[in-house]
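Visitor: Going line by line, the protein sequences match chains A and B.
Residues in the first sequence are numbered consecutively from 1, following my numbering.
Residues in the second sequence are numbered consecutively from 108, following my numbering.
Hints are not guaranteed to be accurate.
To be verified - Computed spacing ranges between beta-carbons, pair by pair:
1. A:ASP11 - B:HIS114: 34 to 42 Å
2. A:HIS77 - B:VAL110: 19 to 27 Å
3. B:LEU220 - A:ILE39: 19 to 27 Å
4. A:GLY93 - B:LYS121: 35 to 43 Å
5. B:SER180 - A:MET59: 44 to 52 Å
6. A:ASN19 - B:GLU159: 37 to 45 Å
7. B:GLN136 - A:GLN45: 15 to 23 Å
8. A:SER25 - B:ALA179: 38 to 46 Å
9. A:SER92 - B:VAL110: 21 to 29 Å
10. B:VAL110 - A:MET10: 37 to 45 Å
11. A:GLU58 - B:GLY168: 33 to 41 Å
12. B:LEU208 - A:GLU14: 28 to 36 Å
13. B:GLY123 - A:ASN19: 48 to 56 Å
These are computed hints drawn from the structure, not numbers from a lab.
Owing to the predicted nature of the structure, the values given are computational and were not obtained by experimental measurement.
Quick reminder that beta carbons are idealized off the backbone N, C-alpha and C, glycines included.
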Amino acid sequence: DAKTTQPTSMDCAEGRAANLPCNHSTISGNEYVYWYRQIHSQGPQYIIHGLKNNETNEMASLIITEDRKSSTLILPHATLRDTAVYYCIAPSGQLTFGSGTQLTVLP
Amino acid sequence: GAVVSQHPSWVICKSGTSVKIECRSLDFQATTMFWYRQFPKQSLMLMATSNEGSKATYEQGVEKDKFLINHASLTLSTLTVTSAHPEDSSFYICSARDPILETQYFGPGTRLLVL
Numbered sequence: 001d002a003k004t005t006q007p008t009s010m011d012c013a014e015g016r017a018a019n020l021p022c023n024h025s026t027i028s029g030n031e032y033v034y035w036y037r038q039i040h041s042q043g044p045q046y047i048i049h050g051l052k053n054n055e056t057n058e059m060a061s062l063i064i065t066e067d068r069k070s071s072t073l074i075l076p077h078a079t080l081r082d083t084a085v086y087y088c089i090a091p092s093g094q095l096t097f098g099s100g101t102q103l104t105v106l107p
Numbered sequence: 108g109a110v111v112s113q114h115p116s117w118v119i120c121k122s123g124t125s126v127k128i129e130c131r132s133l134d135f136q137a138t139t140m141f142w143y144r145q146f147p148k149q150s151l152m153l154m155a156t157s158n159e160g161s162k163a164t165y166e167q168g169v170e171k172d173k174f175l176i177n178h179a180s181l182t183l184s185t186l187t188v189t190s191a192h193p194e195d196s197s198f199y200i201c202s203a204r205d206p207i208l209e210t211q212y213f214g215p216g217t218r219l220l221v222l
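For reference, chain B alone in the conformation it holds in the complex (with noise of 0.2 Å):
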């Protein structure tokens, strides 16, 4: 199947910093990307929707000055947490829509702890 990629796979950082994940999609153009948050023992939640070239919509109850996303080229797309607090902490995972497959695809996340 297509892939994609998360960098970095895992981040600690303090309390107040700002951290940057990104996503690529390696094998296809996605012009929509998907970033969602799970915690553990829970399922995925979709934080928001991507489209190339346009604002990122989000769900409600994410703050969308909290969580940057830019949504540059169709082959990447970035997640700002800004200011970041230990509730921040998270697994954070991307998608890429492949529009001729029809099909998301998932990054493998990046586990994210907040000290």
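The following block holds chain A by itself, in its conformation from the complex (with noise of 0.2 Å):
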């Protein structure tokens, strides 16, 4: 896997957007990136992945540089119910976690 880099922690107010960063600098041409999210006590979720191109679903938008040395994981409009560890994942195979960012969304 390409080693990412992630802030440890990140607060967001509810109703505003939340910008994750993720580093990904050596990253190979073939690599997605994918990003997870863990709520307390619960198993991962799966919320989006890119290989090249942004991408948008109905949770959330990821917006890679051209270089694909980062990107960024974009929730619209967060709720407190979106206050989680996100993880940003370039894997070669299967997926290997490392600390993620604790988003918290404050009221």
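Could you use the hints to bring the two separately framed chains together as a complex?
Guide: Following this line, the structure appears as structure tokens:
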């Protein structure tokens, strides 16, 4: 897996956009970027993944830089239920989890 | 998204007994399934990878004779913790890879407490 670097924690006000950065400068050309989140005491939840182009689904948007060395997960209107640990992973095979970013959405 | 189930969701057992955890992919066929373990305030650690019809591949430091994995069908994998001890108490999470969507989906986890 390509090494990924994420901030340890972030806060976001409820209703505002949450922008979670991830650096993956050693990513290879065929490695996707995956985002998962884990709400306390639950299994990880798949959010989104992408290779080169920006992606959007009902949960979030993923912006990948042109050089693919970093990406940003955007939750457009964060709610209290979005409080979780968010993991950015660039796997070459199975998923390996780092420490992730603890996002806390504040009322 | 795709659904992966686990059973049981929690289990309490006595030291020395064996515990079986089931993982099912409900709406897709998974040729590859994975088992993770998570201790409090730590990240998920991959224990093993199982491919349908073949032996599981265990990560370094995971005892294959203690954590028996069977991937008997494209929708079912089981993890058996044999002769469980208190240090095996943990949150066990399975995941299944959807080969069409190229995405891993996770189960809700099984919390094991060994007394």
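Visitor: I'd like to know which numbered hints this structure contradicts. Please list them from smallest to largest.
Guide: Of the numbered hints, 5 and 10 do not hold.
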